[in-house]
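A.B. asks: Please model the complete structure; the sequences and the hints are all you need to start from.
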Amino acid sequence: AAIVAMGGYNTFCEILARNKPALIVPRAVPRLEQTIRAERASARGLVRMLRDPAESGEGRRDPAVMLRELCALSRQPPPAHAGVSGLRDGLARVADLTEPSLKLETRLTRPGRPRRRLDAS
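Just so we're aligned: 15 in my numbering is position 15 of the sequence shown, and the numbers increase by one with no gaps anywhere.
Any given hint might turn out to be false.
What the hints assert, rightly or not - In silico DMTMM-like cross-links for lysine to aspartate or glutamate, where the CA-CA straight-line distance does not exceed 25 Å:
#	residue 1	residue 2
1	103	89
2	20	58
3	20	33
4	20	39
5	20	89
6	103	52
To be verified - Pairwise CB distance ranges (calculated):
#	residue 1	residue 2	range
7	92	61	40 to 50 Å
8	30	103	19 to 29 Å
9	65	8	14 to 24 Å
10	81	30	26 to 36 Å
11	101	65	43 to 53 Å
12	88	58	46 to 56 Å
13	1	67	17 to 27 Å
14	10	53	41 to 51 Å
15	101	61	14 to 24 Å
It is worth saying that the hints were derived from the structure and are not from the lab. Computed from a predicted structure; not experimentally measured. Backbone N, C-alpha and C define an ideal beta-carbon position, used for all residues, glycine too.
C.D. replies: What follows is the structure, given as structure tokens:
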């Protein structure tokens, strides 16, 4: 299974969470945030990116190009194989960063670690 999406923030987070190969065809109008996200993720090997030439005024959409990109998804490894550190351990990372300032005993669940509970003091 693979995902084809425009690359909005929530969808991009789902791609990473589900660890599925993805083709992002970002919208560039009215804002570039999807394009920026897709460019950076593609450069890191997390997803494939296909620009829409019709949206940028560079030409017409070519179904053969889309077909080629869709076929390439079957050979694309999932995002976890890209070797980007910290990609899938956000909860544990946030807990490690905030624990000293929040005076946590044990509360947040991490794989292989005990549950944490807030210190009442």
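A.B. asks: Does each hint hold? Answer for all of them.
C.D. replies: Going through the hints against the structure:
Between residue 103 and residue 89 the alpha-carbon distance is near 21 Å, which keeps this suggested pair within the 25 Å criterion. As the CA atoms of residue 20 and residue 58 are separated by approximately 30 Å, the hinted pair breaks the 25 Å bound. For a cut-off of 25 Å, the pair hint linking residue 20 to residue 33 stands: about 21 Å separates their Cα positions. Restraint check for residue 20 and residue 39: satisfied, since their Cα atoms lie roughly 17 Å apart, inside the 25 Å limit.
A hinted pair counts as satisfied when its Cα atoms are at most 25 Å apart, and residue 20 with residue 89 qualifies at roughly 16 Å. For the hint pairing residue 103 with residue 52, the CA-to-CA distance comes to about 49 Å; that exceeds 25 Å, so the pair is violated. Between residue 92 and residue 61 the Cβ separation comes to about 42 Å, which falls inside the hinted range of 40 to 50 Å. A beta carbon spacing of about 44 Å between residue 30 and residue 103 contradicts the range 19 to 29 Å that was offered as a hint.
Checked against the hint of 14 to 24 Å, the pair residue 65 and residue 8 passes, with Cβ atoms roughly 22 Å apart. For the hinted restraint 26 to 36 Å between residue 81 and residue 30, the CB-CB distance of approximately 34 Å keeps it satisfied. At roughly 50 Å, the beta-carbon separation of residue 101 and residue 65 lies within the given 43 to 53 Å, and the hint holds. Evaluation of the 46 to 56 Å hint for residue 88 and residue 58 yields a failure: the beta carbon distance comes to about 35 Å.
In this structure the supplied range 17 to 27 Å holds for residue 1 paired with residue 67, their Cβ-Cβ distance being about 18 Å. Residue 10 and residue 53 have their C-beta atoms about 26 Å apart, which leaves the hinted 41 to 51 Å range violated. With their beta carbons about 50 Å apart, residue 101 and residue 61 fall outside the hinted range of 14 to 24 Å.
Violated hints, listed in ascending order, are 2, 6, 8, 12, 14, 15; each of the other numbered hints is respected by the structure.
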